[in-house]
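**Student:** Work the whole structure out from these sequences, hints included.
Here is how the chains run, residue by residue.
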Amino acid sequence: MTLAPSQAGQAETAPPLLSVTNIEVIYNHVILVLKGVSLSVPEGGIVALLGANGAGKSTTLKSISNLLRVERGEVTKGSITYGGERIDQLTPNELVRRGVIQVMEGRHCFGHLTVEENLLTGAFIHGGKRRQIAEDLEKVYAYFPRLKERRSSQAGYTSGGEQQMTAIGRALMSRPKMILLDEPSMGLAPQLVEQIFEIVKSINEQEGVTILLAEQNTNVALRYARYGYILESGRVVMEGAADTLRNNEDVKEFYLGLGGEGRRSFRDVKQYRRRKRWLG
Amino acid sequence: MGPFLEVLLGGLLTGVLYSLVALGFVLIFKASGVFNFAQGAMVLFAALSMARLQEWMAPTLGWVAFPVALTLSALIMMALAFAIERLVLRQLINQEGIILFMATIGITFFLDGFGQTIWGSDIYEIDLFLSKDPIFLFEDVFPGGLLVDPYELMAAVIAGILVAVLAVFFQKTRVGRALRAVADDHQAAQSVGIPLNYIWLIVWTVAGLVALVAGMMWGAKLGVQFSIALVALKALPVLILGGFTSVPGAIIGGLIIGAGEKLAEVYVGSMFGGGIENWFAYVLALAFLLFRPQGLFGERIIERV
Numbered sequence: 000m001t002l003a004p005s006q007a008g009q010a011e012t013a014p015p016l017l018s019v020t021n022i023e024v025i026y027n028h029v030i031l032v033l034k035g036v037s038l039s040v041p042e043g044g045i046v047a048l049l050g051a052n053g054a055g056k057s058t059t060l061k062s063i064s065n066l067l068r069v070e071r072g073e074v075t076k077g078s079i080t081y082g083g084e085r086i087d088q089l090t091p092n093e094l095v096r097r098g099v100i101q102v103m104e105g106r107h108c109f110g111h112l113t114v115e116e117n118l119l120t121g122a123f124i125h126g127g128k129r130r131q132i133a134e135d136l137e138k139v140y141a142y143f144p145r146l147k148e149r150r151s152s153q154a155g156y157t158s159g160g161e162q163q164m165t166a167i168g169r170a171l172m173s174r175p176k177m178i179l180l181d182e183p184s185m186g187l188a189p190q191l192v193e194q195i196f197e198i199v200k201s202i203n204e205q206e207g208v209t210i211l212l213a214e215q216n217t218n219v220a221l222r223y224a225r226y227g228y229i230l231e232s233g234r235v236v237m238e239g240a241a242d243t244l245r246n247n248e249d250v251k252e253f254y255l256g257l258g259g260e261g262r263r264s265f266r267d268v269k270q271y272r273r274r275k276r277w278l279g
Numbered sequence: 000m001g002p003f004l005e006v007l008l009g010g011l012l013t014g015v016l017y018s019l020v021a022l023g024f025v026l027i028f029k030a031s032g033v034f035n036f037a038q039g040a041m042v043l044f045a046a047l048s049m050a051r052l053q054e055w056m057a058p059t060l061g062w063v064a065f066p067v068a069l070t071l072s073a074l075i076m077m078a079l080a081f082a083i084e085r086l087v088l089r090q091l092i093n094q095e096g097i098i099l100f101m102a103t104i105g106i107t108f109f110l111d112g113f114g115q116t117i118w119g120s121d122i123y124e125i126d127l128f129l130s131k132d133p134i135f136l137f138e139d140v141f142p143g144g145l146l147v148d149p150y151e152l153m154a155a156v157i158a159g160i161l162v163a164v165l166a167v168f169f170q171k172t173r174v175g176r177a178l179r180a181v182a183d184d185h186q187a188a189q190s191v192g193i194p195l196n197y198i199w200l201i202v203w204t205v206a207g208l209v210a211l212v213a214g215m216m217w218g219a220k221l222g223v224q225f226s227i228a229l230v231a232l233k234a235l236p237v238l239i240l241g242g243f244t245s246v247p248g249a250i251i252g253g254l255i256i257g258a259g260e261k262l263a264e265v266y267v268g269s270m271f272g273g274g275i276e277n278w279f280a281y282v283l284a285l286a287f288l289l290f291r292p293q294g295l296f297g298e299r300i301i302e303r304v
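Line by line, the protein sequences are chains A and L.
If you count the first sequence from 1, position 208 lands on 207 in numbering that gives the first Met the number 0, and the numbers rise without skipping.
If you count the second sequence from 1, position 214 lands on 213 in numbering that gives the first Met the number 0, and the numbers rise without skipping.
For the record, the hints were derived by calculation from the structure and aren't laboratory data.
Careful: at least some of the hints might be erroneous.
[To be verified] Below, a list of computed lysine to aspartate or glutamate pairs in the EDC-like style, where the Cα atoms sit at most 20 Å apart: (1) L:Lys171 <-> A:Glu115; (2) A:Lys138 <-> A:Glu84; (3) L:Lys171 <-> A:Glu116; (4) L:Lys171 <-> A:Glu134; (5) A:Lys147 <-> A:Glu137.
On a predicted model such as this, the values are computed, not experimentally measured, just so you know.
**Tutor:** Okay, structure coming up:
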């Protein structure tokens, strides 16, 4: 089922900006969550990580940004390189300084800080470069005009969409080269999801920021991403160019909800799934 | 009217001293969500080093001993913050709040014992070069004026300055903002590149310096001795009243507790046969917990519906 990257139209020549090779992640020393995940992200690309709840999308992102340790998780095998350098042992702070920043699932805004203060925390690593920070703030407001209106509201009292914008804007303030975006559509109205993805796309195009996206909303993700990986219980079960994935029969059935040959009962679907082992 | 105001003023000024101790708790709680049980021990430790260093240098240096001892004590408190971060907090990163709390209990007993081992366990003096004679204020307004202890007046001025500086630090500076961010959400703060270790080092240093100021004022008032560590217990009702996360709350809570317990002692105490000053504050705090658990100025728990 794997489609060779060249076939998928990905630039083979340049080495990828980020490559994750066969990583295994264990939580609390006992719970094996990732069982050998490999993926690569080209510079300037938008790559989507798809899969159901608990497939290991967030864990993959957190093992790249090294936020795993906060949750007592650990990468026990494999390697992660960014720009040709091993980054497995770096702290989140060092990673943000190198340009890799994560926007966490569920926004995680600082509720008691105002929207603007939230954005400014994103510029923490830039210290006292006042002019740069002021410029970046204006840039974020240009992408998210809504945030400018709400700049002095406490973030905890803003809507889910505004919080998602704050979280993305905050990451942008660090002047990232790569954003790890975890489930931006969570709990948002379809229209808003579309709007946020549009902005993410324009950030990718105008700022040249590489995006690795974890999403459950396969439909939207595959429209904006150029390449996708599908995770199932801690393994990559399928990968390919977004178009190819979108037209794949299995993806259509399991992730896009477009059943091919008539409607089956839920029980049949479960059986079918159990029998069929994708890849391995 | 005169006696009432005198009791009130005396109470308010004592309250300021409670506030100084409560401030230390607030700083650490705000930035790391840890209730630092060791704050009282830090106050004692700081006061002991201040008193002994001053005593040791005074014969040769005279009044210069005071600023020198103060500087050295400040450095000692910074070193202590560094050691606590390195040896305890860093090892316990990502553990539950209750485990960090237990760790601070451990630090408390260590500091109480260690402080007295190296500095001695007698009663020592800190000389602030203030006259021991009380000052009379408003003598032309009231017959006899109001009797005020100059130490307490000084403590009030210092507390005022300290609060102003801290408020600016928290609200206006980059590090202060990062501190509040960490207080809100550790993980998110890490995700945007705020290093937790650095932040913790800073709050424990600031809390150590606040402990030094508190220890100095209490030490000058009561003499430096073990019982100073127990003053921290009086900071608890202050925190409950003012809110665990509010710097102004710590001050106003301190004032209410200070004034409340003195007034209660004088005007209500006789009904109970006196001696209610020691427990009145706790009853007040308990009543407060029932009606406003986040305290007067504590941050409301924001819950979106």
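**Student:** Could you tell me which of the hints above the structure violates, numbers in ascending order?
**Tutor:** 2
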